Amino acid sequence: MVAPEHINCYKAKDIGKEIIAESLKYIETFGELKVRHNKRGTPMSSTTASVKVGDDIIHIDSTQLFQRTICTVKAKYLRKLNNKQCLIMHLREALHNDGTDIQTAVDNADVLIVQTAILEANQHESVVVVGQDVTLLTLITALTPEEKMFYC
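At position 21 of the sequence shown (counting the first as 1) the number is 29 in the working numbering, and the numbers step up by one without a gap.
To be clear, the hints were calculated from the coordinates, so they are not data collected in a lab.
All values reported here derive from a predicted model rather than from experimental measurement.
Even for Gly, the Cβ is constructed at its ideal location relative to N, Cα and C.
Keep in mind that a hint or two might mislead.
Once the Cα atoms are required to be at most 25 Å apart in a straight line, the calculated DSS-like pairs of lysine-lysine come out as [claimed, not checked]: (1) Lys92 <-> Lys82; (2) Lys82 <-> Lys60; (3) Lys84 <-> Lys60.
The following label-pair restraints were derived from C-beta to C-beta distances [unchecked claim]: (4) Ser134 <-> Lys88: 18 to 26 Å; (5) Thr112 <-> Glu26: 56 to 64 Å; (6) Lys92 <-> Glu128: 22 to 30 Å; (7) Ile65 <-> Leu145: 20 to 28 Å; (8) Gln140 <-> Asp109: 43 to 51 Å; (9) Pro153 <-> Asp63: 30 to 38 Å; (10) Lys88 <-> Asn116: 21 to 29 Å.
With the hints as constraints, model all of the structure from the sequences given.
As structure tokens, this is what we get:
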């Protein structure tokens with residue numbers, strides 16, 4: 009079986025051999041050969057596809073066989089230190105570009121959060137720290153000067 013150069017089909021040779029072997033079992037002459045529609049080769053340029061990821065629509069170029077959008081579980085992705093550092097750097101850059109002040113905790117992020125809140129309280133009338141961890145409440149209680157009033 010021969011197709012024009014613009015035809016690109018995954019496993020085309022194997023599919024062709026399968027069609028011929030399957031067809032020759034049931035026909036008397038080669039002229040009676042008929043191919044089912046789902047076994048026909050189609051030009052890849054004739055297919056268009058897109059995938060919706062979140063609010064974005066990603067257009068898939070069907071001529072690029074290795075273009076893939078991969079989804080993975082967050083915990084599995086963050087197991088590798090390199091992936092985690094890459095994600096942190098990407099988030100830092102995105103937040104910095106939006107004008108957000110960025111600080112990176114060396115040891116304990118909770119301590120940095122509370123210390124930053126205390127420093128900001130000197131410049132602003134009110135500061136709100138939101139969290140689900142009891143550690144934040146404990147650190148706020150321990151590190152806030154007695155003359156400062158705070159609500160949790």
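Right, here's what the structure says about each hint:
A threshold of 25 Å between alpha carbons decides the hint, and for lysine 92 with lysine 82 the separation of about 10 Å falls inside it, so the pair holds. The straight-line distance between the Cα atoms of lysine 82 and lysine 60 is roughly 19 Å, inside the 25 Å bound, and the hint therefore holds. For a cut-off of 25 Å, the pair hint linking lysine 84 to lysine 60 stands: about 22 Å separates their Cα positions. Between serine 134 and lysine 88 the Cβ separation comes to about 40 Å, which falls outside the hinted range of 18 to 26 Å.
Between threonine 112 and glutamate 26 the CB atoms are about 57 Å apart, so this pair conforms to the stated range of 56 to 64 Å. Separated by about 27 Å at the C-beta atoms, lysine 92 and glutamate 128 satisfy the suggested range of 22 to 30 Å. For the pair isoleucine 65 and leucine 145, the beta carbons lie near 43 Å from each other, so the given range of 20 to 28 Å is not met. A hinted range of 43 to 51 Å is violated for the C-beta pair glutamine 140 and aspartate 109, which are about 23 Å apart.
Here the CB-CB span from proline 153 to aspartate 63 is close to 44 Å, at odds with the stated 30 to 38 Å. For lysine 88 and asparagine 116, the Cβ-Cβ distance of about 23 Å falls inside the hinted range of 21 to 29 Å, so the restraint holds.
This entry does not satisfy hints 4, 7, 8 and 9, going by the numbered hints stated previously.
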